[in-house]
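One-letter residues, chain by chain:
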Amino acid sequence: MPKDYGIGASSKRREDVRFLSGLGNYTDDVVIAGQTYAVFVRSTVAHGRIKSVGTATASAMPGVLAVFTGEDFKDVGGNPAGWLINSRDGTPMREPKRPVLAHGKVRHVGDAYAAVVAETLQQAKDAAQVIADETEIEELPAIVDMAQALADSSNRVHDEIPDNQCFDWGWIEDNRAATEAAFKSAPHVTTLELVNNRLVPNAMEPRASIGEYFPGTGDYKLTTTSQNPHLTRLLIAAFVMGIPENKLTVVAPDVGGGFGSKIYHYGEEALVLAAAKKIKRPVKWVAERSESFLSDAHGRDHVTKIELACDKQGNFLAFRTSTMANVGAYLSNFSTATPTFLHGTLMAGPYKVPHVYVNVKTVFTNTAPVDAYRGAGRPEATYSLERVIDKMCRELNLDPFEVRRKNFLTTDMFPYTTPVGLVYDTGNYQATLDKAMELGDVAGFEKRRVESAKRGKLRGMGLSTWIEACGIAPSNLVGILGSRVGLYDAATVRVNATGNISVMTGAHSHGQGHETVFAQVVAEQLGIPESSIEIVHGDTSKIPFGMGSYGSRSLAVCGTAMTKAVDKIIAKGKKIAAHMLEAAEGDITFADGKFSVAGTDKAKTFGEIAFSAYVPHNYPLETLEPGLEETAFYDPANFTYPAGAYLCEVEVDAETGKVEVCSFTCADDFGNVMNPMIVEGQVHGGVGQGIGQALLENTSYDENGQLLTGSYMDYAMPRADDVPFYTVDASCITPCTHNPLGVKGCGEAGAIGSPPAVVNAVIDALHRGGHTHVTHIDMPVSPSRVWSAMNA
Amino acid sequence: MHNFDFVKPSSIAEAVKALSNEGAQALSGGQTLTPTMKQRLAAPSVLVSLTGIAEMKGVCLGDDGLSIGAATPHAVVAAEAAKHYPALAALAGGIGDPAVRNRGTIGGSLANNDPAACYPAAVLGSGATVVTNKRKIAADDYFQGMFTTALEEGEIITGVTFPVPEKAAYVKFNQPASRFALTGVFVAKFKGGVRVAVTGASNNGVFRWSEGESALSSNFSGAAVAGLKVDAAEMIGDLHGTPEYRAHLVKVLTKRAVDAAR
Ligand SMILES: Cc1cc2nc3c(=O)[nH]c(=O)nc-3n(C[C@H](O)[C@H](O)[C@H](O)COP(=O)(O)OP(=O)(O)OC[C@H]3O[C@@H](n4cnc5c(N)ncnc54)[C@H](O)[C@@H]3O)c2cc1C
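Chains as they are written, first to last, in full-length UniProt numbering: chain A, 1 to 792; chain B, 1 to 262.
Derived by calculation from the structure, the hints in this document are not laboratory data. We put the beta carbon where it would ideally sit given N, CA and C, even for glycine. It is possible that part of the hints are untrue.
Stated by the list, open to error - Covered stretches of chain B, going by a simulated chain A footprint (3 or more residues, C-beta under 8 Å):
no., region
1, 164-177
2, 242-256
Unchecked claim - Derived Cβ-Cβ restraints for the label pairs, each shown as a range:
no., chain 1, residue 1, chain 2, residue 2, range
3, B, ASN102, A, LYS51, 48 to 54 Å
4, B, ASP97, A, ASP16, 41 to 47 Å
5, B, SER214, A, ASN155, 50 to 56 Å
6, B, ALA79, A, ASN25, 53 to 59 Å
To be verified - Under the rule of at most 27 Å between Cα atoms (straight-line distance), these lysine-lysine pairs were calculated in the BS3-like manner:
no., chain 1, residue 1, chain 2, residue 2
7, B, LYS136, B, LYS189
8, B, LYS38, A, LYS125
9, B, LYS229, A, LYS658
10, B, LYS191, B, LYS229
11, B, LYS189, B, LYS167
Next comes chain A alone, as it looks inside the complex (with noise of 0.2 Å):
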């Protein structure tokens, strides 16, 4: 019988009851007296030089408060970069100033140059419509290719900057020369040139920011739509306002999903906080979509040259790969750690291949500024991945599900180190396999698809095995690899009087589920119902220094803190038994939510030694300290690797290219399932994210640096109708070595896995069609470009 509580129950996730039932407190529903609204003026050229702000107008406007330029912000610092990444030839990377405003030059369309703060919304949009039509910026030629970018220097998105160019990355560059030779005398090489599509984040919530400053005390305090409220802290701490950490609050109240990009600190954040300081009152900016659109972080935008050698029965000698990665005009927080130490490392997958190669070029455009976006840096590496080897099997004629098992690493390798330097720690690639080819029923597929070709439909089938590295991430390595912060997670554990519990966290849970999901976890190890187990989250007035929530890491790490945390609950625990038991402290022994006297009847409930705990009336203050609450903060060892094999089935309608997904089958290895409905919750949201990827969502600029798809009317998100029922599965379990639950992390699963399952899917109906002269189509393969393929 499944289990109803605790671990590996699937608890019904206690955060919906207030998501939907209209009870959420997001940064918006938060009101305070006196607030004032803030209005961005952004730029509506993709770049420009700044000739003049026009202010003068609109700061004598009714209702407007403060008028704010780039020129207030220029003695302040910049927005950093995380992660210090060197270029093939040991010179640092280049990072242009990041201004809280748009200071000397606009860079992308959306670009903020100015802000109003005023009594209402609408009088601050008046102000700003003002400054809009009384600017003027001197329109520059945009830039907006990347190869064009790199081959021109006579335009440049940062004037010290010649070619455009952040960085050029060598991964592993000692490989190049073994992995040159493996091409040259390679019986065979598939190339493929692809596109990883630039993704806008789209989170239901848009970005949303309330400064509040405290004259009296000195203090400030953030409201914002925080993935990682400390980290947001830091950054505007340390870098760019130089307000004193203890004196700044931010809190991360619900957030409506962030999927990578409310990791990030924006300059929206510091100026509301600056403003506020102002005019002594709270200060409010919620973003609009076309805001969103224009100005979140966005997602992929890859350029890539993938190649693969092998020999004629398919064992794989060796992968290259050459890639131009957007970061847009600024450098995010993240952007140069995702297309490299979260993609270059991943480029192995989970086979054994003894020579990989990877170059990456980073490149400034006049575009939004690309960082994480769900996965990050691992859909493109898969991508790349499952797609060549697609090819390859198409061009030897060799069976795709043959391919990939005799090239898996086997279950006796492990731990197992990749030449692109990841230590895998477990796994078992041929078992996910096997499920998913069970589940899919590909024995079934030749029928399936004649019944298909019955109705004038083309049906395929796609496969992609995936391997991602995440629970991150180890200080240590990834301190060498150039990161500039720990990634660590903290929680601490709370246990009050009367014997319910607060655990508070440094992940932070915008959608996840980590209330339910780590209340079960407490409720298992303590023997306690998870009805008094409360995850509080998102404010750093309230919880240790943790790194937030990103990269499938929340459980692994986080929840790894928390279980440290519990484990010293219990032997505090066991040393106030000692005491009201009058027994040794090594006799005690904790079950079922009781300590006991090991081999009497003696015991006390947890709830009897959590009252004593805060009414110490007789402890032996010298050797036992009163209360019961404690902190652990842990660093993993490793990263955690789930892994998985994807199945996708397609129908093309022959005369439209329409693609419709009639199946799609995950058979994943997530390690230890502390919750399987909330498991297959994430998987079924990143796969429906992937297959928005592979069919529909496409970010276009045009030459102007003019984003056409700014709105729902153009950017095609993935609606119900879109995806098929999923089927999923998460038993094939390999425990993570490394962490005491065994859990590796199932955010992001779906979404690496699933891009390249589709369009391997789309091929496949095209060849067996007999449109073999399709050997790819780029992402999204919407209905024109499959018609125009075919008829190519």
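Take the given structure of chain A and dock chain B with the ligand to it, following the hints.
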């Protein structure tokens, strides 16, 4: 959005009078106009709501066809026209989402004449008559290119009268993002011949595909259009489809509409 005044007259005469004020604009379902106002691309000083005028609402079968009040929401047309003119009802039921269908109106759609809207295809494909407070306008004269119509300043559409064909169907191929028509084809078979109206495809807005019409008038079957070629020269090319793709869809969708006609 800028501030505005709001009036809700209960007769056409009062509405016409209110619209003669400087800066006044008609508001029907608001599904096009309000988003435009929110983006500050339109700033009428007075909104004259047309949804409180009883004589502009409802679906009614008469001697000259099926009459629909201009302020009738799509959802009402989808429900009430079903037994009289199923192809038209199905078209209305396929516009936008439930919220749009319960607010948006046929009059608003025709006044706006978005080149990718659905109703213009039905009106032109049926040879319907657009009735205004001043006159009756034949569909062939009403549509004058993207977002352009025969309406004069201050003129309001009060209703539309559709002759009911023997058979008809509308087949819409969704633009993936907006789910307006990337291309949509309305085919109607009358005693005297077949009309084929195409929306979403042309730089000139909704149009009649005359080669298709003559082929189908002599042989009302999908096969009749199979050998025809649609000229891509005037077709829209954008992110979602090339001109050639849209031209191709005109033929495919026409064939499907003929097959689906009932
Ligand atoms: C999310 C979404 C999806 C949509 N999908 C589709 C779709 O798939 N297919 C489709 O065809 N449409 C679609 N629409 C548009 C929808 O059908 C609108 O209802 C329609 O375009 C406008 O009708 P309305 O009644 O809302 O007009 P309003 O927005 O009120 O007015 C539009 C314009 O017409 C004028 N006007 C209104 N009524 C009259 C009148 N009686 N006489 C003269 N002028 C008048 C107004 O002054 C204004 O200029 C969609 C809209 C949305 C928001």
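Right, here's what the structure says about each hint:
no.	hint	in the structure
1	164-177	holds (count 3)
2	242-256	holds (count 6)
3	B:ASN102 to A:LYS51: 48 to 54 Å	49 Å, holds
4	B:ASP97 to A:ASP16: 41 to 47 Å	23 Å, violated
5	B:SER214 to A:ASN155: 50 to 56 Å	54 Å, holds
6	B:ALA79 to A:ASN25: 53 to 59 Å	40 Å, violated
7	B:LYS136 to B:LYS189	23 Å, holds
8	B:LYS38 to A:LYS125	11 Å, holds
9	B:LYS229 to A:LYS658	21 Å, holds
10	B:LYS191 to B:LYS229	26 Å, holds
11	B:LYS189 to B:LYS167	5 Å, holds
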